[in-house]
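Enquirer: Given next are the chains, with one letter for each unit.
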Amino acid sequence: MCGFVGYFGDVAEAGRLLPTMVSAIAHRGPDGQGIHVGQGFGLGHARLSVVDLEGGHQPMSYSPADLTIAFNGEIFNYVELREQLRARGRRFRTTSDTEVILQLYDEMGEDCISELNGDFAFALWDGRRRRMILARDRMGVRPLFYTVHRGTLYFSSEVKALLQVPGLSAEIDPFALDQIFTLWSPIAPRTAFQGVFELEPASLMTVSETGRKVRSYWSLQYPDHGAAHAPVSERQAAEEVRALLTDATRIRMRADVPVGCYLSGGLDSSITSALAAGMAPQGLETFSVTFDSAEHDESAFQNEMAAALATRHHVVACRDGDIAGVFPDVIRFTERPIIRTAPAPLYKLSALVRQNGMKVVLTGEGADEVFAGYDIFKEARVRRFCARQPMSDRRPHLFRRLYPYLPGLQKQSAEYLAAFFGTQADSLDDPLFSHRPRLRSTAAAKLFFSDDLRAEITGYDAAEDLISRLPDDYSRWNPLHQAQYLESRFLLPGYILSSQGDRMAMAHGIEGRFPFLDHRLVELAATLPPGMTLKGLVEKHILREATKDLLPASIGARTKQPYRAPDSQSFTGAGDCDYVGSLMNADAIAKGGLFNPKSVLKLHDKCKRNAASGFRDNAAFVGILSTQLWLEKFAGTSVQVTRAA
Amino acid sequence: MSDEISSRVKAFIVENFLFGDTSYELAETASLIDNDIIDSTGVLELVAFIEDDFAVTMADADIVPANLDSVERIVSFIKQKTRQSESA
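Protein chains in written order, with this note's numbering: chain E, 1 to 645; chain G, 1 to 88.
Looking at chain E on its own, in the form it has when it is part of the complex (with noise of 0.2 Å):
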């Protein structure tokens, strides 16, 4: 694990670029930097010590094919690989998982990245055949951004050091925005600064002075909706769930550092936890975030678990004012505005396992994009179920049941509850069905754009732009299957991973590791019919039957419960820091020009008086400061105005 940044190009003076670009992400790799400068290339990396401690130093070299490379990641099944590069007869200098890339790829070329199991990117410079190959792991957990400047290409784990190039400035693209306040994320290539690309996940890009090639090398697929699934009972789908599952985390507690497991205490990081915590002879590190509010603390849950694993349980409070006072660091790591501020727990939790010494810990993220656990798969079940009988006013009261931490819901007549849910309006054969009540609610905040922004992005439709992407067998697909893939394609790389996952942890130099995400479960797990993962409306049920020996009875029956932070509420009270007030009044908002500051106005007051309880107030508000914070931090120009002014 670790940052790297590097070009393709001529660079003037680039032994004093490098670094510069490499400190701007020193925290990714707190423990050594190196450069590594060529005829036309340039390579530098800022590393995080997990495997090999001594003998993997980057960039790493492999002279006899003439091979550099920078890499940010870890290859979980190296050590499998190695053996098998031995038995061929090579001989490796180190025991680090980089060399193993270099050796695979001089015997295979760019066809090597599909024997890596693992999270990862990396940049590797081809010097025989005077290329450079950019690559990116198959769900996207780590990141690889580039822009091209004056001809070169630029790259870098995150975009803060793109924009130590010399004449690169950061700008917000307008249209990443309005992907933002629809979607959650922008859709990769695309990112919030315009100009600068993201590498799709599952993706390598080959450049060389004849151009730049991308090529997805690996795709998430499912079988026709109807067609015959392998004839497999549930016990053995849960045999090959429990052993795929129990190695995905074998091969990830593979370091030379000990590993430590995040613990929400819902069922999924309880069960990594749990598996780890057996693979673990000298016990286990779990840590948990908590919250003063009952509606989103889990501790009660952690704590049995903890226990029930007997691991050293470590904990840190998220109290009023604390995801303020963090949120300005928090919008710098995700370098992209956000509508929610579950990020900020996430970036305290990790500054925790820090301060114990620890680098490396396993996470739960994934299951539910893998064995459909999220709520909207069951929210589009639903719709369906009651779309066939519209005039029904028994069906629409199941949305209750599934949303019984939302009191506004719970209070809904049944016509209401229809209505909300577009069990009527929305067209079942829409490809974003499962999802349009989510869109809708989020880009309400588009309420809020400011006349010149909504003259910049006319004509242009987010989700239109969405469903442009999707494959061609698509719409062979069963709706689950649809929505799980929306869900693992789009908002889980754009944004889990990502705002939630590698940069709140790499804030504070901490990697995280999934073993849900390894690729052979996520074959596996959508090869399954819907039934086994998604039963009636008990999520994950394959899950649950693989690893029910593992959990507390309490613990394996729970339902999902959102992993959710207090939003625009956490910036009044104790969290209406002075930025707050700085970024969000009128003048302000003037200033960055994105926002209409009258409508922003209102807002905030509404916030202020409490007032604003539902999804999209809250979502607009969040969406709002930090955007304004993403305009003070990158692009350069101070749009703070004091509010005693």
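Treat the hints as calculated values from the structure; they're not laboratory data. Idealized CB from N, CA, C, for every residue including glycine. Errors might be hidden in some of the hints.
Stated by the list, open to error - Computed footprint of chain G on chain E; a stretch qualifies when at least three of its residues, placed anywhere within it, have a C-beta under 8 Å from a C-beta of chain G:
#1 411 to 417
#2 437 to 449
#3 593 to 606
Let chain E serve as the given structure and place chain G on it in line with the hints.
Expert: For chain G alone, kept in the frame of chain E given last:
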């Protein structure tokens, strides 16, 4: 009386759900849900507004789109409720 109720209801909607955005032309018959003006918590805010500003008590059965999903329906509902309380 209808015009006055309508003005107050419209003003509330513009202020509370459209945050003063007067560029939006709020037709009397426009659906508040279909036009993404109101969500589930918005309905609760609307109910509180009607109860507080028009001294109307709303039963659970009253809180349905047929009574509240457009300015026209809200005005009609308030008038009906007001008449009921006057004749009681």
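Enquirer: Can you give the numbers of the hints that this structure goes against, from lowest to highest?
Expert: none
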